[in-house]
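K.L.:
Taken in order, these protein sequences are the chains called A and B.
Heads up: the first sequence begins at 1 in the working numbering, then just goes up one per residue.
Heads up: the second sequence begins at 1 in the working numbering, then just goes up one per residue.
Misleading hints may appear alongside valid ones.
Remember, identical chains collapse to one label, so a pair may be satisfied in a single copy or spanning two.
Distance condition first, Cα-Cα at most 20 angstroms in a straight line; then the derived EDC-like pairs of lysine to aspartate or glutamate [stated by the list, open to error]:
1) Lys-133 with Asp-319
2) Lys-124 with Asp-150
3) Lys-117 with Glu-8
4) Lys-124 with Asp-149
5) Lys-38 with Asp-65
6) Lys-272 with Asp-181
7) Lys-365 with Glu-307
8) Lys-232 with Asp-112
9) Lys-94 with Asp-65
10) Lys-293 with Glu-318
11) Lys-133 with Glu-394
12) Lys-293 with Glu-371
For the record, the hints were derived by calculation from the structure and aren't laboratory data.
2 protein chains.
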Amino acid sequence: MGLMKAQEGIVVKKFGGTSVGSIERIEAVAERILQDTKAGQLPVVVASAMSGETNRLVRLAADIDPFYRGLAYDMLLASGEQVSIALLAMALEKRGLKAIPLLAYQVGIQTDSIFSKARIQEVKGQRLLELVKQGIIPVVAGFQGVTIDDRITTLGRGGSDTTAVALAASLGCEACEIYTDVPAVYTADPRLVPKAQEIPVLSFEEMMEMASLGSKVLHFRCVELAVKFGVKIHVRSTFERREGTWVVPEGERMEAPVVSSVTHDAQTVVFKIFPVPFGPGFLAQLFERLAEKGVVVDIITQSQNEEGQRLAFSVNEEDRPLAEQVLRQQVEDHSQIVVMDQMAKISTVGVGMRNHPGVASRFFKVLHDLEVPVHLVTTSEIKISAVIDKSNLEVAARALHQAFSLEES
Amino acid sequence: MGLMKAQEGIVVKKFGGTSVGSIERIEAVAERILQDTKAGQLPVVVASAMSGETNRLVRLAADIDPFYRGLAYDMLLASGEQVSIALLAMALEKRGLKAIPLLAYQVGIQTDSIFSKARIQEVKGQRLLELVKQGIIPVVAGFQGVTIDDRITTLGRGGSDTTAVALAASLGCEACEIYTDVPAVYTADPRLVPKAQEIPVLSFEEMMEMASLGSKVLHFRCVELAVKFGVKIHVRSTFERREGTWVVPEGERMEAPVVSSVTHDAQTVVFKIFPVPFGPGFLAQLFERLAEKGVVVDIITQSQNEEGQRLAFSVNEEDRPLAEQVLRQQVEDHSQIVVMDQMAKISTVGVGMRNHPGVASRFFKVLHDLEVPVHLVTTSEIKISAVIDKSNLEVAARALHQAFSLEES
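Chain A on its own, in the form it takes in the complex (with noise of 0.2 angstroms):
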């Protein structure tokens, strides 16, 4: 990453889409980068697209060819960012601070070349400590790298949390904030569980577990780059200027809770296969496929019984058509398929949980008690996530976060 000596009072500031939505609330946010800078900091900003922005891309590209991923998607979507950038610079300007919109290719933060999902292997940090240095704010397109051969890359959805994670790690920052339209990661969505609490902190495992399982708070990537580099994350909203909720290491943090969480993913799809051919080469060859062409496998399980061997995995709703096209190709005529959307994962995360065998059992009994039916189980020392239809996802998260004490954190 070319760690660099931490410079006194470099801040990365990452505002993500509504944050930068329309030019009202980019004079927001230069409005309080120039508040910053009076109170000694020096900003090193990272901005995404304006929100509704990258929808309107993909839109575009999905008439031509839904299925195309590559070099020209990747293209088109960073596209987003550098119109934000762009127009924050200005707005920087206009109040009287110097600022300059960089996109990743002149930042160098340089990616492996897996279009759509790219992973950032090193960011030179120098020609922004120089700016810095000059007195000029950098203002840095998230979401987007260049590959070592000057191919423009995509980082994935939330990839611009990533992007400012890599450039505090980069700059030897200690922290790094995400600026969003929330005021602090809750409990649990307060929009399904109204009595979803703010969390004050938690540890880049919980975080980490949060993000995979569907918490659109942070990029998954993101935490694990600041686990990697020990970067703290603060997440803050853009409109107030009070604190947020800190992911620190878990030693940091005084006391845990045995769950200190409830999540969901509400675009769950759940494919059943019966039956596939017997032995691993079938597998291994279906989820290689599947690997190619960029289709995230969450959930697996596959049994077998006399009659044959069974498979179900679950997908993002987003890569359903993906999934189901390289499906129909590697399963036999004989093989049935079916599909299973209107699936939603709920999970309860909490590095408590190493220690308190009971979790499992007191989920479950939740689930039970209310009649959820139960489709995919998977669960790790930290969390316990399982697949319910869409219609009982708001009950059980209710009850859940009621179970496990989340109400009164």
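With the hints as your guide, set chain B onto chain A.
P.N.:
Below, chain B without anything else, positioned relative to chain A:
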């Protein structure tokens, strides 16, 4: 320009904003390129932003600061072409062709650092040639460049034409195709003069004059570059397969009419200032300030009598706010500034004028007979221009078109 030996079969094809203005049109352009490929051509494609997109971006910038020009502004505008080339490359790949979208920095279209009106200094055609040799169609972003220190620039309105000619020159091509929404260059704007005729062949010089006098068909610098590198330009319709207008060196045309076209610019504003300080110091400083702001001053007249010195000059309507701002700063309080808007410039152009000294008198006689007042005048060897009231434009254009026998051409 890094000229290379011509590769047999390479044809640079530039598609303007209306040609790629919707997904349907992008598909139609891709279809046309497919046919050309089947006929043995090796296309190198240049595209403008989708029509309306650049204006949308300009409005966003103006909402923040209507006077802002510079690095951030050019980066903002350059995003438009990024979208259209990515979509066009997808549409080509959908048809089984191999295509790669390329931004200016990826091609190596190097410019000076005059933002918004940058000039191309060098094109590194090597990368394009390598792609073509691999059977790949490069789809290059028009209108944009990159400075030697990696900053994105734009070439001014219509700059994609310039990009196309510069690529053709660097690839050693004899000609370059400019596809547009009209089938050819006309003797006058057909919306203004219904009897306007298509012009099969024009000389570089005439086209340059027409471009600088307000004809929207080709960008001035594009023709200038075509002259410099001897690249013929073929202006033709995106929607029809027949030939349009060839723009060629003067010697290649069989016979030239006295006047080739009546050209107009309906976006003219005249400033009149009285009195202005005597001596050249004031004028030098005023026009220097205007140039710094990127305002192109067109016709200038100056006169003096015992009352003092008078100055009048014209600019494009687009530059009016900037010009007015500079003028107010430079002119002393007791000077009077009159802004005349609703003006138009009307011109006749033709290389044949060199040998026909009666053209000017006929030009002014036509305007006189119509009782059209003339506010400013300028002439060159091959053109006569007059600034008149916009309300007189139509009648003047039709009368001049008839007087110079263009209806029969």
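K.L.:
If a hint holds in the structure, say so; if it does not, say that too.
P.N.:
Each hint, compared with the structure:
no. : hint                 : result
1   : Lys-133 with Asp-319 : neither (44 angstroms within a copy, 36 angstroms between copies)
2   : Lys-124 with Asp-150 : both (15 angstroms within a copy, 15 angstroms between copies)
3   : Lys-117 with Glu-8   : neither (33 angstroms within a copy, 39 angstroms between copies)
4   : Lys-124 with Asp-149 : both (16 angstroms within a copy, 16 angstroms between copies)
5   : Lys-38 with Asp-65   : neither (49 angstroms within a copy, 22 angstroms between copies)
6   : Lys-272 with Asp-181 : neither (38 angstroms within a copy, 52 angstroms between copies)
7   : Lys-365 with Glu-307 : neither (31 angstroms within a copy, 100 angstroms between copies)
8   : Lys-232 with Asp-112 : neither (25 angstroms within a copy, 42 angstroms between copies)
9   : Lys-94 with Asp-65   : between (41 angstroms within a copy, 7 angstroms between copies)
10  : Lys-293 with Glu-318 : within (13 angstroms within a copy, 48 angstroms between copies)
11  : Lys-133 with Glu-394 : neither (51 angstroms within a copy, 59 angstroms between copies)
12  : Lys-293 with Glu-371 : neither (37 angstroms within a copy, 72 angstroms between copies)
Checked against the numbered hints above, the structure breaks hints 1, 3, 5, 6, 7, 8, 11 and 12 and satisfies the rest.
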